[in-house]
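As you go down the protein sequences, you meet chains A and B in turn.
Every letter in the first sequence is one number past the one before it in numbering that gives the first Met the number 0, and letter 88, counting from 1, is 87.
Every letter in the second sequence is one number past the one before it in numbering that gives the first Met the number 0, and letter 8, counting from 1, is 7.
These are calculated hints, taken from the structure and not from any lab test.
Everything hinted at is true.
Calculated lysine-lysine pairs in the DSS-like style (CA-CA distance at most 27 Å, straight line):
| # | chain 1 | residue 1 | chain 2 | residue 2 |
| --- | --- | --- | --- | --- |
| 1 | B | Lys72 | A | Lys153 |
| 2 | B | Lys73 | A | Lys219 |
| 3 | A | Lys219 | B | Lys72 |
| 4 | B | Lys218 | B | Lys142 |
| 5 | B | Lys142 | A | Lys219 |
Sample of chain B residues with no beta-carbon within 12 Å of chain A, all distances over it, derived:
| # | residue |
| --- | --- |
| 6 | Val23 |
| 7 | Val56 |
| 8 | Asp114 |
| 9 | Ile207 |
| 10 | Ile220 |
| 11 | Arg223 |
| 12 | Lys228 |
Ideal Cβ positions, reconstructed from N, Cα and C, are used throughout, including at glycine.
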Amino acid sequence: MNSKAYSLFLKDFKSELRTRYAINALAMFIIVAISVILFSVGNEKISPSLTGGLFWVVIFFTAMSGLSRAFVSEEERGTALTLQLIAAPSTVFSGKLIFNIILVFAMNTIIAILYSAMFEAFIIKNFALFLTSFVFGNIGLAVSSTIIAAIIAKAGAKGTLYPVLSFPILLPLILTSVQLTLFAFDGISFERAKFELAIVVSYDVIMLTASYMLFDFIWKE
Amino acid sequence: MIWKIFLFLLLAFVSVAGIAFPIVENPTRWYEFPLIPGLEENAKIIFFHVPTAWLTVVAFLMSTIFSFKYLRKKNLDDDVKSYAAAQLGMVFCILATVTGAVWAKFAWGSFWSWDPRQTSIFALLLIYGAWFALRSSIESEEKRATLSAVYSMIAFITVPFFIFIMPRIMSGLHPGSADDTNAGPVVNFKMNGNMLLIFFLSLIGFTILYFWIWQVGYKSILLREKLNKKLIRG
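All chains should be modelled from the sequences, with the hints used to inform the complete structure.
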């Protein structure tokens, strides 16, 4: 089953390399969003707390612009039925999830690098904490947006509905991640941030479990 | 019929008592409410605002339970019940948000201040809104039922996080929150016997009202669907 999920991921990866639709869209979206923020900031000096919030604003909307591709493309090309025949629902979900996780990590790393280059207030004092919260936050983001993308692909309206449906689900994760980013800016130790870290980790675990349990219903529809 | 008259009398009594009974410093007579420092006359909203917030949560829970039932049995009646519950939940959610905001203008000085409970009710409002947006975008009945059931289950499991996160991120202004030194845990000891009694009567009255409207709601939807099918068959 794992090898099947891996080959599904490879198929997505190869077709993505061929068209480069998601990568191009995400890259351009990141550049556009950050430059809009930079233009509106102008010569103002913005505080670290605002920078941390804006960091997650860009991450959220970038994720919303590109991550629904994983399932929507299958429905558009009419290949969803073939996938239903050759693989179990959980395998399909695993393959799509691996693809989205890699996409999220790539785009968020680029956003973080651009932020540290462009914003003076983006100075991370506790890098280990930032990295830990970044990793778990990305996984949670990928899991939630993958399961919502599966719902969106089956529903009629594809583009506009995605952020609307994702935002309430992602809200706990985003709030906690903003808090953790601010902790990393302030150089707060792991010991004091462990409650927030526990929330992010349990969010990941719960969403992952629920997604695997509920995906069968969506996929067979 | 008899319980409808009972419900009418109960809610009429609660409305009159909740609005008209005076708040005095040392209550001696049965119809007098105690003065809660920091709340004063504003305390009376508890008879109307808290039941709406409570029913928002009850409706959300019921909608999720019937969604779960639908996913197990695939009976479209369960989807209709879930839909009727969520409709009412949305109405009560708006009522709770608006009454709370108006109250906050007088008690805290601004309509909205991102208190933990305001943020939670806002998140619930977003979830309800997203749920109805999802439902309206799907034509086929079964597909709509399944997808919205799945979405309401996913939304339901994120709710406990708010309970843990909110108090850490923002400080509470709301009466009854943990770090509220001013009005304190209102329900526990600041209210006297008659205030508690009317509060719980109002809670019971509104809950019965909710179940009644919910029954009427889902039965009317079921009847409409039956009629539609009859018309199509000719």
